[in-house]
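K.L.:
Taking the hints into account, I'd like the entire structure generated from these sequences.
2 protein chains.
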Amino acid sequence: MKKISDSAVRRLALYQRFLQEAADAGLDTISSGDLAERGGTTSAQVRKDLSLFGSFGKRGLGYEVQELLREIREILGVDRTWKVALVGAGKIGSALFSYRDFQKRGFRISAAFDSDPAKVGSDMGGVTVRADEEMDRRLRDEGIEMVIVAVPAEAAQAVVDRVVNAGVRAILNFAPVRLRVPRGVALRNVDLTLELEGLSFALTGR
Amino acid sequence: MKKISDSAVRRLALYQRFLQEAADAGLDTISSGDLAERGGTTSAQVRKDLSLFGSFGKRGLGYEVQELLREIREILGVDRTWKVALVGAGKIGSALFSYRDFQKRGFRISAAFDSDPAKVGSDMGGVTVRADEEMDRRLRDEGIEMVIVAVPAEAAQAVVDRVVNAGVRAILNFAPVRLRVPRGVALRNVDLTLELEGLSFALTGR
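Residue numbers (this note's numbering), protein chains in the order written: chain C, 989 to 1194; chain L, 989 to 1194.
Don't take every hint at face value.
Pairs count within a copy or across copies, as identical chains cannot be separated in the list.
Claimed, not checked - For lysine-lysine, the following DSS-like pairs were computed, each having C-alpha atoms within a straight-line distance of at most 25 Å:
hint : residue 1 : residue 2
1    : Lys1092   : Lys1079
2    : Lys1036   : Lys1107
3    : Lys1107   : Lys1079
4    : Lys1092   : Lys1071
5    : Lys1092   : Lys1036
6    : Lys1107   : Lys1071
7    : Lys1107   : Lys991
8    : Lys1079   : Lys991
Hint data in this document are derived by calculation from the structure and do not stem from the laboratory.
P.N.:
Right, here's the structure in full:
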């Protein structure tokens, strides 16, 4: 099957949210135009995105909300709960830990690690922060599937190498540094300053 | 001049960081291959990106680090300090406030607002959290150029409407909701759950 671009996956995730809202509001069907508006795109793009995965909707009738929602959730793999660990329990890490939207969407942070002895042993919403040295073993023992890295830039690559060695194949990185992972490991970077630089560029108006 | 894509701006910001590191390490010149590695792209793409803004580098000699760094900083508009306000002093907001990389790269959060009376008046690293009702006036009076929105999803659109009315033309949104802004206002969304959904898709391996 065709390789799906990051931007297509992103749009699918946005369609999913709109479908969930439509379902909550009791709507039965939805048009590609409505989905397009939500995804910041065109009706044609919506139809193209969905056609990558099969045949949905009927011309002139739109999409069945519940059916399409179920399909997209399955495609995205969010029709289940994922076991997530947090590495780095500093300010950003703690904020992420208590980010309600993760839990609501099936991403359950069930382990947290930090190298600062002052943080080890503390409780974050029912999860005990563990020492850095315990990380490798616990990632395996607890069957962690995704790791959120929120450590300083200079520590991030070493953490990621260990996480990968412990068998984790999906990493969300908040450290402002470019990381290397082997083929087969999914890595996403959230680079907050880069976003502000994008705004700065827009304002500078060159 | 040609419209520059978001992804090109993103790569420029990454080149900038590598150039800064190279400058700090005392390097005089750098090749497009080195920049490509940092930007996660190809030498050809680097040359294409830079050619959008003028003629840099000499064939076979690479780019002059200091010159290119200065140029890219000017292009991105990060050769100056920006006045930033934070709306929403909850966990994510507070973490962003103390995010060292913002300050280091010229984004100075000089005002903070919250609607929670318990937070109003508290000090965040020298900045006093102000009441929501003071926001519109202070954004104008203090000449705020960018706003970081870290309020709950249901409050975000109303905040953004007010921010735009107060003359701010650049918004970084952390609320998990799609916002509308008028033409001429730059909006970037950091949607943390979307990133995890991207990883979930990658692991599901469809």
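K.L.:
If any of the earlier hints don't hold here, list their numbers in rising order.
P.N.:
2, 5, 7 and 8
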